[in-house]
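> Chain A is fixed; fit chain B onto it per the hints.
Residues per chain are reported as follows:
There are 2 protein chains.
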Amino acid sequence: MKNIRNILNSRFKRNGNFFMEIINILGFKPKDINFYKKAFTHRSMNIKDSKGNAINYERLEFLGDAMLSAVIASHLYLEVPSGDEGYLTKMRSKVVSREHLNELGRELNLIGLVESKIPPGQFGDNIHGNLFEALVGAIFLDRGYKYCEKFIYKRVITPYVDIETLEGKVISYKSLLIEWCQKEKRTFGYNVYEDTGNDEVRHFSVKLSIDNKVVSKARATSKKKAEEKASKRAFFVFQNKMSKML
Amino acid sequence: MKNIRNILNSRFKRNGNFFMEIINILGFKPKDINFYKKAFTHRSMNIKDSKGNAINYERLEFLGDAMLSAVIASHLYLEVPSGDEGYLTKMRSKVVSREHLNELGRELNLIGLVESKIPPGQFGDNIHGNLFEALVGAIFLDRGYKYCEKFIYKRVITPYVDIETLEGKVISYKSLLIEWCQKEKRTFGYNVYEDTGNDEVRHFSVKLSIDNKVVSKARATSKKKAEEKASKRAFFVFQNKMSKML
Numbered sequence: 001m002k003n004i005r006n007i008l009n010s011r012f013k014r015n016g017n018f019f020m021e022i023i024n025i026l027g028f029k030p031k032d033i034n035f036y037k038k039a040f041t042h043r044s045m046n047i048k049d050s051k052g053n054a055i056n057y058e059r060l061e062f063l064g065d066a067m068l069s070a071v072i073a074s075h076l077y078l079e080v081p082s083g084d085e086g087y088l089t090k091m092r093s094k095v096v097s098r099e100h101l102n103e104l105g106r107e108l109n110l111i112g113l114v115e116s117k118i119p120p121g122q123f124g125d126n127i128h129g130n131l132f133e134a135l136v137g138a139i140f141l142d143r144g145y146k147y148c149e150k151f152i153y154k155r156v157i158t159p160y161v162d163i164e165t166l167e168g169k170v171i172s173y174k175s176l177l178i179e180w181c182q183k184e185k186r187t188f189g190y191n192v193y194e195d196t197g198n199d200e201v202r203h204f205s206v207k208l209s210i211d212n213k214v215v216s217k218a219r220a221t222s223k224k225k226a227e228e229k230a231s232k233r234a235f236f237v238f239q240n241k242m243s244k245m246l
Numbered sequence: 001m002k003n004i005r006n007i008l009n010s011r012f013k014r015n016g017n018f019f020m021e022i023i024n025i026l027g028f029k030p031k032d033i034n035f036y037k038k039a040f041t042h043r044s045m046n047i048k049d050s051k052g053n054a055i056n057y058e059r060l061e062f063l064g065d066a067m068l069s070a071v072i073a074s075h076l077y078l079e080v081p082s083g084d085e086g087y088l089t090k091m092r093s094k095v096v097s098r099e100h101l102n103e104l105g106r107e108l109n110l111i112g113l114v115e116s117k118i119p120p121g122q123f124g125d126n127i128h129g130n131l132f133e134a135l136v137g138a139i140f141l142d143r144g145y146k147y148c149e150k151f152i153y154k155r156v157i158t159p160y161v162d163i164e165t166l167e168g169k170v171i172s173y174k175s176l177l178i179e180w181c182q183k184e185k186r187t188f189g190y191n192v193y194e195d196t197g198n199d200e201v202r203h204f205s206v207k208l209s210i211d212n213k214v215v216s217k218a219r220a221t222s223k224k225k226a227e228e229k230a231s232k233r234a235f236f237v238f239q240n241k242m243s244k245m246l
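Protein chains in written order, with full-length UniProt numbering: chain A, 1 to 246; chain B, 1 to 246.
This is chain A alone, in the form it adopts within the complex (with noise of 0.2 Å):
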């Protein structure tokens, strides 16, 4: 084991705020790194313990999708008592689908921790997802069951999961906001620019604000995206406010 650390913290020490940057992800402390360096380790690395068992992230994508699943499953088991088996299912399925999770993992710039010898643009969609799904498992290992559904909770849960949005009763996020801005005299603005920075592709930011307050920011690739994920995360601050039109 001292081995494995040796030769995982040599490789992290140059990302020397690795520690701190896991910290702000998890929002809480780890009790052992080494978990998370595996969980940002490539499998190109092509690192070894002592028994020849390969150290990387790819068995606890395992992991964290079977703790991802099980954590989703109680929310929406309590949340929804109305819903049988097979809505259940469904549900989940949606929450924990490889879209959703890509799109969860590309949030928290995941990739950008990532110890590989492949250039990150070579990687495919799926990694985002795949090292979401290793973090947790990476949780589950560190800290048990509890501080991995408090994880998903913060990260996936509470941002996301919206039965109405799951059952497809949400087909516009700005429609719905600016409807229910009309709807209580409140102003609202949309200020978007473009924010292309390193990236490859050209990108765009906004700010949605309400009554001349930033509620919200998002940046994506088209000005109707950011558009669009700048006013789901207004919907999630005015949930309850907002919740009442559907």
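Please keep in mind that the hints were generated in silico from the structure rather than gathered at the bench. Treat the hints with care, since some could be wrong.
Here are some, though not all, of the chain B residues that point toward chain A, as calculated from beta-carbon distances under 8 Å [what the hints assert, rightly or not]:
#	residue
1	Glu-61
2	Leu-63
3	Ser-74
4	Leu-88
The C-beta atom is built at its ideal place from N, Cα and C for all residues, glycine as well.
Below, chain B alone, put in the same frame as chain A:
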């Protein structure tokens, strides 16, 4: 909620020892017996809460299945450090196969606790596994993940999850046991007798002795099956010693 409690209580009253039987199965005391009552209420009872939501074990199956998958995943992750994602997924699906879950439910005779308007003989085979899943779901709601894990270790992992078996390396426990006894110069004997009891189908019981001491018992619908089952149980009694032969 009080209303539901009353409904469930009156139903389970005639089953006065329900609480004791549950303790016996769990190996610990439930905090709220109502979760378990729900886990043994068949949809044919047609019970609804004040909001019209059906009260039966079907939703609990969904929850229990998720918890079972999570606990087995974490066990396999830790137990087989050399297994990749594909291997872990395959091994887990063997443990949580419909067939295996039915066996687990049958062994605990969970069907004996069910409240139903359908005669037990008319239930399909899957009811055993479904009740087992529902029971795990009830444990999660009653006592949380840790107790769920504890129960699954006691009832599933310790007695049944053996990597060599899952990998199909052990073909027959009886031949393994005989080989081991011969090597260790121990005497053994299978004492088989018909033991149909109240069952409609013919049953056999067997007592397996090693060095003239009964080490395990089993009961099944054929002599061969009963012997194999008793050998499997003996295998786990002598696990450390016998597994060296694999």
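> Hint by hint, say whether it matches the structure.
Now for the hints, and whether the structure bears them out:
1. For Glu-61(B), the interface hint holds, since its Cβ comes within 8 Å of a Cβ in chain A; the closest pair sits about 6 Å apart.
2. Annotation: Leu-63(B) was flagged as interfacial toward chain A, and the flag holds, the nearest CB pair being 5 Å apart, inside 8 Å.
3. Using the Cβ-Cβ criterion of 8 Å, the hint placing Ser-74(B) at the interface with chain A is satisfied: the shortest such distance is roughly 6 Å.
4. Of the supplied interface hints, the one on Leu-88(B) holds, with its beta-carbon coming within about 5 Å of a beta-carbon of chain A, less than 8 Å.
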